[in-house]
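So the working numbering is basically just the index in the sequence shown, starting at one, shifted up by 8.
In short, the hints are calculated from the structure, not lab data.
Just to be clear, a hint being listed does not mean it is correct.
To be verified - Cross-link-like lysine-lysine pairs, in silico, DSS-like; alpha carbons within 27 Å at most:
(1) 209 x 225
(2) 151 x 29
(3) 254 x 215
(4) 267 x 220
(5) 294 x 145
(6) 60 x 36
(7) 38 x 61
(8) 28 x 151
(9) 254 x 220
(10) 145 x 240
(11) 89 x 151
(12) 89 x 28
(13) 61 x 36
(14) 151 x 162
(15) 61 x 254
(16) 254 x 29
(17) 209 x 38
(18) 36 x 89
(19) 225 x 240
(20) 162 x 209
(21) 89 x 29
(22) 294 x 215
(23) 254 x 225
(24) 294 x 162
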Amino acid sequence: MNNFLLCTDSGSDLMLDTCKKYDIIPLKMKYDIGGEVFTDGMTVEAVQELYKKMVDGAVPRTSQINTSEFIDFWTPLLAEKQPILHLALGSGISGTYANAVIAREMILEEHPDAEIYLVDTLGASASYGMLCVEIAKMREEGKTVQECYDWVMKARHNVDVFYTTGDLKYLHRGGRVSKTSAVVGTVLNINPILTLDPAGKLIPCDKARGEKGTIRKVCERVGALVEDASDKTLYVSHSDCPERAKRFAETLQAEFGFKDIFYTYIGAIIGSHTGPGLVAVFYLGKPRPEVK
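Given these sequences and hints, build the entire structure.
In C-alpha coordinates:
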(Lines of atoms letter the chains of each structure in order from A and count residues from 1; the text may use other names and numbers.)
(Lines give C-alpha, C1' and ligand atoms only; values in the text may rest on other atoms or scores of the structure.)
Protein backbone atom coordinates (compact mmCIF):
# COMPACT_ATOMS: atom_id res chain seq x y z
CA MET A 1 0.00 0.00 0.00
CA ASN A 2 1.25 3.48 -0.84
CA ASN A 3 2.16 5.72 2.07
CA PHE A 4 0.84 8.87 0.41
CA LEU A 5 -1.36 9.98 -2.50
CA LEU A 6 0.39 11.46 -5.53
CA CYS A 7 -1.66 13.93 -7.58
CA THR A 8 -1.15 16.26 -10.52
CA ASP A 9 -3.16 17.99 -13.24
CA SER A 10 -3.47 17.12 -16.90
CA GLY A 11 -1.08 19.89 -17.89
CA SER A 12 1.63 17.40 -16.93
CA ASP A 13 0.94 15.54 -20.19
CA LEU A 14 0.75 12.14 -18.54
CA MET A 15 -1.87 10.04 -20.30
CA LEU A 16 -4.41 8.12 -18.22
CA ASP A 17 -2.68 4.80 -18.80
CA THR A 18 0.56 6.21 -17.43
CA CYS A 19 -1.25 7.67 -14.41
CA LYS A 20 -2.81 4.27 -13.75
CA LYS A 21 0.53 2.47 -14.10
CA TYR A 22 2.21 4.72 -11.54
CA ASP A 23 -0.85 5.28 -9.33
CA ILE A 24 -0.94 9.03 -9.97
CA ILE A 25 -4.30 10.73 -9.44
CA PRO A 26 -4.98 13.30 -12.20
CA LEU A 27 -7.13 16.42 -12.05
CA LYS A 28 -8.51 16.78 -15.56
CA MET A 29 -8.41 20.36 -16.84
CA LYS A 30 -10.86 21.96 -19.25
CA TYR A 31 -10.73 23.84 -22.53
CA ASP A 32 -13.32 25.30 -24.86
CA ILE A 33 -13.77 25.61 -28.59
CA GLY A 34 -16.26 28.19 -29.80
CA GLY A 35 -17.93 28.32 -26.39
CA GLU A 36 -18.29 24.54 -26.01
CA VAL A 37 -16.45 23.26 -22.94
CA PHE A 38 -14.48 20.02 -23.06
CA THR A 39 -12.76 18.05 -20.30
CA ASP A 40 -9.28 16.83 -21.14
CA GLY A 41 -9.69 13.16 -22.06
CA MET A 42 -6.02 12.43 -21.31
CA THR A 43 -5.81 9.77 -24.03
CA VAL A 44 -3.86 9.71 -27.27
CA GLU A 45 -7.09 9.35 -29.25
CA ALA A 46 -8.66 12.40 -27.59
CA VAL A 47 -5.68 14.65 -28.16
CA GLN A 48 -5.27 13.49 -31.77
CA GLU A 49 -8.87 14.52 -32.36
CA LEU A 50 -8.12 17.95 -30.92
CA TYR A 51 -5.13 18.40 -33.23
CA LYS A 52 -7.27 17.48 -36.22
CA LYS A 53 -9.71 20.21 -35.21
CA MET A 54 -6.86 22.71 -34.89
CA VAL A 55 -5.58 21.85 -38.36
CA ASP A 56 -9.11 22.52 -39.61
CA GLY A 57 -9.06 25.96 -37.98
CA ALA A 58 -10.38 25.44 -34.45
CA VAL A 59 -8.85 27.71 -31.79
CA PRO A 60 -9.14 26.06 -28.37
CA ARG A 61 -8.81 28.18 -25.26
CA THR A 62 -7.80 26.96 -21.83
CA SER A 63 -8.57 28.24 -18.35
CA GLN A 64 -6.75 27.79 -15.08
CA ILE A 65 -8.13 25.41 -12.46
CA ASN A 66 -10.16 27.48 -10.01
CA THR A 67 -10.25 27.21 -6.23
CA SER A 68 -13.54 25.31 -6.11
CA GLU A 69 -12.23 22.68 -8.53
CA PHE A 70 -9.23 22.02 -6.30
CA ILE A 71 -11.44 21.74 -3.23
CA ASP A 72 -13.77 19.33 -5.04
CA PHE A 73 -10.77 17.29 -6.18
CA TRP A 74 -8.92 17.06 -2.86
CA THR A 75 -11.79 16.76 -0.40
CA PRO A 76 -12.85 13.18 -1.30
CA LEU A 77 -9.20 12.11 -1.08
CA LEU A 78 -9.07 13.12 2.59
CA ALA A 79 -11.12 10.02 3.38
CA GLU A 80 -8.03 7.94 2.55
CA LYS A 81 -6.37 9.36 5.69
CA GLN A 82 -3.08 9.69 3.83
CA PRO A 83 -0.88 12.69 3.02
CA ILE A 84 -1.43 14.23 -0.41
CA LEU A 85 1.47 15.39 -2.59
CA HIS A 86 0.21 17.50 -5.50
CA LEU A 87 2.40 18.74 -8.35
CA ALA A 88 0.79 21.72 -10.09
CA LEU A 89 1.27 23.44 -13.43
CA GLY A 90 3.96 26.07 -12.87
CA SER A 91 3.19 29.59 -11.74
CA GLY A 92 5.25 31.00 -14.62
CA ILE A 93 2.72 29.52 -17.05
CA SER A 94 -0.63 29.74 -15.28
CA GLY A 95 -2.50 31.07 -12.24
CA THR A 96 -3.48 27.49 -11.40
CA TYR A 97 -0.89 27.15 -8.63
CA ALA A 98 -2.05 30.36 -6.92
CA ASN A 99 -5.60 29.01 -6.84
CA ALA A 100 -4.30 25.74 -5.41
CA VAL A 101 -2.64 27.62 -2.55
CA ILE A 102 -5.94 29.29 -1.65
CA ALA A 103 -7.84 26.01 -1.91
CA ARG A 104 -5.32 24.26 0.35
CA GLU A 105 -5.69 26.97 2.99
CA MET A 106 -9.49 26.68 2.86
CA ILE A 107 -9.37 22.90 3.24
CA LEU A 108 -6.98 23.11 6.18
CA GLU A 109 -9.37 25.47 7.95
CA GLU A 110 -12.04 22.77 7.77
CA HIS A 111 -9.67 19.81 8.16
CA PRO A 112 -6.68 20.97 10.24
CA ASP A 113 -5.25 17.44 10.42
CA ALA A 114 -5.06 17.09 6.64
CA GLU A 115 -1.62 16.91 5.05
CA ILE A 116 -1.47 18.49 1.61
CA TYR A 117 2.00 19.08 0.19
CA LEU A 118 1.70 21.46 -2.76
CA VAL A 119 4.46 22.00 -5.33
CA ASP A 120 4.84 24.87 -7.78
CA THR A 121 6.67 22.80 -10.38
CA LEU A 122 7.95 25.82 -12.32
CA GLY A 123 7.14 23.77 -15.38
CA ALA A 124 4.70 22.72 -18.05
CA SER A 125 4.06 19.49 -19.93
CA ALA A 126 6.37 16.58 -19.16
CA SER A 127 8.79 18.88 -17.34
CA TYR A 128 6.66 18.08 -14.30
CA GLY A 129 5.10 14.92 -15.63
CA MET A 130 8.59 13.46 -15.33
CA LEU A 131 8.81 14.62 -11.72
CA CYS A 132 5.56 12.78 -11.00
CA VAL A 133 6.93 9.57 -12.50
CA GLU A 134 10.20 9.87 -10.59
CA ILE A 135 8.33 10.45 -7.32
CA ALA A 136 6.11 7.45 -8.01
CA LYS A 137 9.24 5.32 -8.33
CA MET A 138 10.64 6.78 -5.10
CA ARG A 139 7.35 6.05 -3.31
CA GLU A 140 7.50 2.46 -4.55
CA GLU A 141 10.95 2.22 -2.96
CA GLY A 142 9.46 3.30 0.37
CA LYS A 143 10.36 7.00 0.43
CA THR A 144 8.10 9.11 2.65
CA VAL A 145 6.02 12.05 1.48
CA GLN A 146 8.42 14.43 3.24
CA GLU A 147 11.43 12.87 1.50
CA CYS A 148 9.71 13.11 -1.88
CA TYR A 149 8.57 16.68 -1.24
CA ASP A 150 12.08 17.76 -0.22
CA TRP A 151 13.52 16.06 -3.32
CA VAL A 152 11.09 17.63 -5.79
CA MET A 153 11.47 21.13 -4.36
CA LYS A 154 15.15 20.91 -5.34
CA ALA A 155 14.81 18.81 -8.49
CA ARG A 156 12.31 21.20 -10.13
CA HIS A 157 15.16 23.68 -10.66
CA ASN A 158 17.18 21.02 -12.47
CA VAL A 159 14.60 20.02 -15.08
CA ASP A 160 16.12 21.29 -18.31
CA VAL A 161 13.68 21.85 -21.15
CA PHE A 162 13.81 22.58 -24.86
CA TYR A 163 10.80 22.96 -27.18
CA THR A 164 10.82 23.41 -30.93
CA THR A 165 8.35 23.39 -33.81
CA GLY A 166 8.39 23.85 -37.56
CA ASP A 167 4.86 25.31 -37.66
CA LEU A 168 4.86 28.82 -36.22
CA LYS A 169 1.20 29.73 -36.73
CA TYR A 170 0.15 28.23 -33.41
CA LEU A 171 2.90 30.03 -31.49
CA HIS A 172 1.75 33.21 -33.23
CA ARG A 173 -1.84 32.60 -32.09
CA GLY A 174 -0.57 32.16 -28.54
CA GLY A 175 1.47 35.37 -28.67
CA ARG A 176 4.86 33.61 -28.56
CA VAL A 177 6.03 34.98 -31.94
CA SER A 178 4.94 37.95 -34.04
CA LYS A 179 3.00 37.54 -37.26
CA THR A 180 6.01 38.74 -39.25
CA SER A 181 8.31 36.24 -37.51
CA ALA A 182 5.81 33.47 -38.12
CA VAL A 183 5.53 34.22 -41.84
CA VAL A 184 9.26 34.75 -42.40
CA GLY A 185 10.18 31.76 -40.25
CA THR A 186 7.83 29.48 -42.17
CA VAL A 187 9.09 30.66 -45.56
CA LEU A 188 12.76 30.24 -44.55
CA ASN A 189 12.16 27.03 -42.57
CA ILE A 190 13.39 28.66 -39.38
CA ASN A 191 12.51 26.74 -36.23
CA PRO A 192 12.45 28.57 -32.90
CA ILE A 193 13.89 26.83 -29.83
CA LEU A 194 12.23 27.73 -26.56
CA THR A 195 13.02 26.88 -22.96
CA LEU A 196 11.83 27.56 -19.42
CA ASP A 197 13.75 30.09 -17.37
CA PRO A 198 14.43 29.58 -13.62
CA ALA A 199 11.03 31.11 -12.80
CA GLY A 200 9.28 28.69 -15.14
CA LYS A 201 8.43 31.18 -17.88
CA LEU A 202 8.49 30.02 -21.50
CA ILE A 203 11.02 32.06 -23.46
CA PRO A 204 12.90 31.78 -26.79
CA CYS A 205 16.56 30.83 -26.47
CA ASP A 206 17.72 30.00 -30.01
CA LYS A 207 16.65 29.24 -33.57
CA ALA A 208 17.86 27.10 -36.44
CA ARG A 209 17.03 26.30 -40.05
CA GLY A 210 15.52 22.92 -40.84
CA GLU A 211 15.18 19.84 -38.72
CA LYS A 212 18.83 18.76 -38.87
CA GLY A 213 20.03 22.22 -37.90
CA THR A 214 17.51 22.35 -35.08
CA ILE A 215 18.56 18.97 -33.70
CA ARG A 216 22.18 20.12 -33.81
CA LYS A 217 21.32 23.31 -31.89
CA VAL A 218 19.31 21.37 -29.29
CA CYS A 219 22.25 18.98 -28.87
CA GLU A 220 24.50 21.97 -28.17
CA ARG A 221 22.06 23.25 -25.54
CA VAL A 222 21.65 19.85 -23.93
CA GLY A 223 25.42 19.31 -23.90
CA ALA A 224 25.91 22.44 -21.84
CA LEU A 225 23.54 21.28 -19.10
CA VAL A 226 23.45 17.48 -19.07
CA GLU A 227 25.03 15.55 -16.17
CA ASP A 228 25.43 11.79 -15.67
CA ALA A 229 23.18 11.03 -18.63
CA SER A 230 23.79 7.29 -18.33
CA ASP A 231 21.80 7.35 -15.08
CA LYS A 232 19.01 9.58 -16.42
CA THR A 233 15.86 9.12 -18.46
CA LEU A 234 15.29 11.42 -21.43
CA TYR A 235 11.62 12.44 -21.53
CA VAL A 236 10.30 13.41 -24.96
CA SER A 237 6.88 14.91 -25.65
CA HIS A 238 5.36 15.63 -29.02
CA SER A 239 2.14 16.99 -30.46
CA ASP A 240 1.22 14.30 -32.96
CA CYS A 241 4.61 14.02 -34.70
CA PRO A 242 6.01 10.75 -33.32
CA GLU A 243 8.59 10.17 -36.04
CA ARG A 244 10.08 13.63 -35.61
CA ALA A 245 10.16 13.10 -31.84
CA LYS A 246 11.93 9.77 -32.36
CA ARG A 247 14.63 11.39 -34.51
CA PHE A 248 15.29 14.02 -31.82
CA ALA A 249 15.31 11.44 -29.03
CA GLU A 250 17.54 8.90 -30.73
CA THR A 251 20.06 11.57 -31.71
CA LEU A 252 20.24 12.85 -28.14
CA GLN A 253 20.54 9.35 -26.72
CA ALA A 254 23.33 8.49 -29.15
CA GLU A 255 25.13 11.75 -28.38
CA PHE A 256 24.90 11.70 -24.59
CA GLY A 257 24.07 8.14 -23.60
CA PHE A 258 20.80 8.61 -21.74
CA LYS A 259 19.75 5.46 -19.90
CA ASP A 260 16.39 5.27 -21.68
CA ILE A 261 13.70 7.32 -23.39
CA PHE A 262 10.18 8.01 -22.12
CA TYR A 263 7.79 9.20 -24.86
CA THR A 264 4.50 10.96 -24.22
CA TYR A 265 1.99 13.01 -26.20
CA ILE A 266 1.56 16.71 -25.50
CA GLY A 267 -1.99 16.73 -24.19
CA ALA A 268 -4.96 18.98 -24.81
CA ILE A 269 -4.10 21.74 -22.35
CA ILE A 270 -0.55 22.48 -23.47
CA GLY A 271 -1.36 21.38 -27.02
CA SER A 272 -4.10 24.01 -27.27
CA HIS A 273 -1.29 26.58 -27.25
CA THR A 274 1.41 24.76 -29.21
CA GLY A 275 -0.68 23.07 -31.88
CA PRO A 276 0.52 19.97 -33.73
CA GLY A 277 4.14 19.58 -34.79
CA LEU A 278 5.99 20.48 -31.58
CA VAL A 279 8.72 18.35 -29.98
CA ALA A 280 9.97 18.89 -26.45
CA VAL A 281 12.80 17.23 -24.53
CA PHE A 282 13.25 17.12 -20.76
CA TYR A 283 15.84 15.66 -18.41
CA LEU A 284 17.37 16.23 -14.98
CA GLY A 285 20.62 18.13 -15.39
CA LYS A 286 22.32 21.27 -14.16
CA PRO A 287 20.13 24.07 -12.73
CA ARG A 288 18.31 26.09 -15.38
CA PRO A 289 20.37 29.14 -16.31
CA GLU A 290 19.07 32.60 -16.98
CA VAL A 291 18.69 33.05 -20.73
CA LYS A 292 20.34 36.21 -22.01
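Status of the hints after comparison with the structure:
no., hint, result
1, 209 x 225, "holds, 21 Å"
2, 151 x 29, "holds, 18 Å"
3, 254 x 215, "holds, 20 Å"
4, 267 x 220, "holds, 23 Å"
5, 294 x 145, "holds, 21 Å"
6, 60 x 36, "holds, 21 Å"
7, 38 x 61, "holds, 16 Å"
8, 28 x 151, "holds, 20 Å"
9, 254 x 220, "holds, 13 Å"
10, 145 x 240, "holds, 13 Å"
11, 89 x 151, "holds, 18 Å"
12, 89 x 28, "holds, 20 Å"
13, 61 x 36, "holds, 20 Å"
14, 151 x 162, "holds, 16 Å"
15, 61 x 254, "holds, 24 Å"
16, 254 x 29, "holds, 23 Å"
17, 209 x 38, "holds, 21 Å"
18, 36 x 89, "holds, 23 Å"
19, 225 x 240, "holds, 21 Å"
20, 162 x 209, "holds, 18 Å"
21, 89 x 29, "holds, 22 Å"
22, 294 x 215, "holds, 22 Å"
23, 254 x 225, "holds, 16 Å"
24, 294 x 162, "holds, 11 Å"
Consistency with the previously given hints is maintained throughout, with no hint failing.
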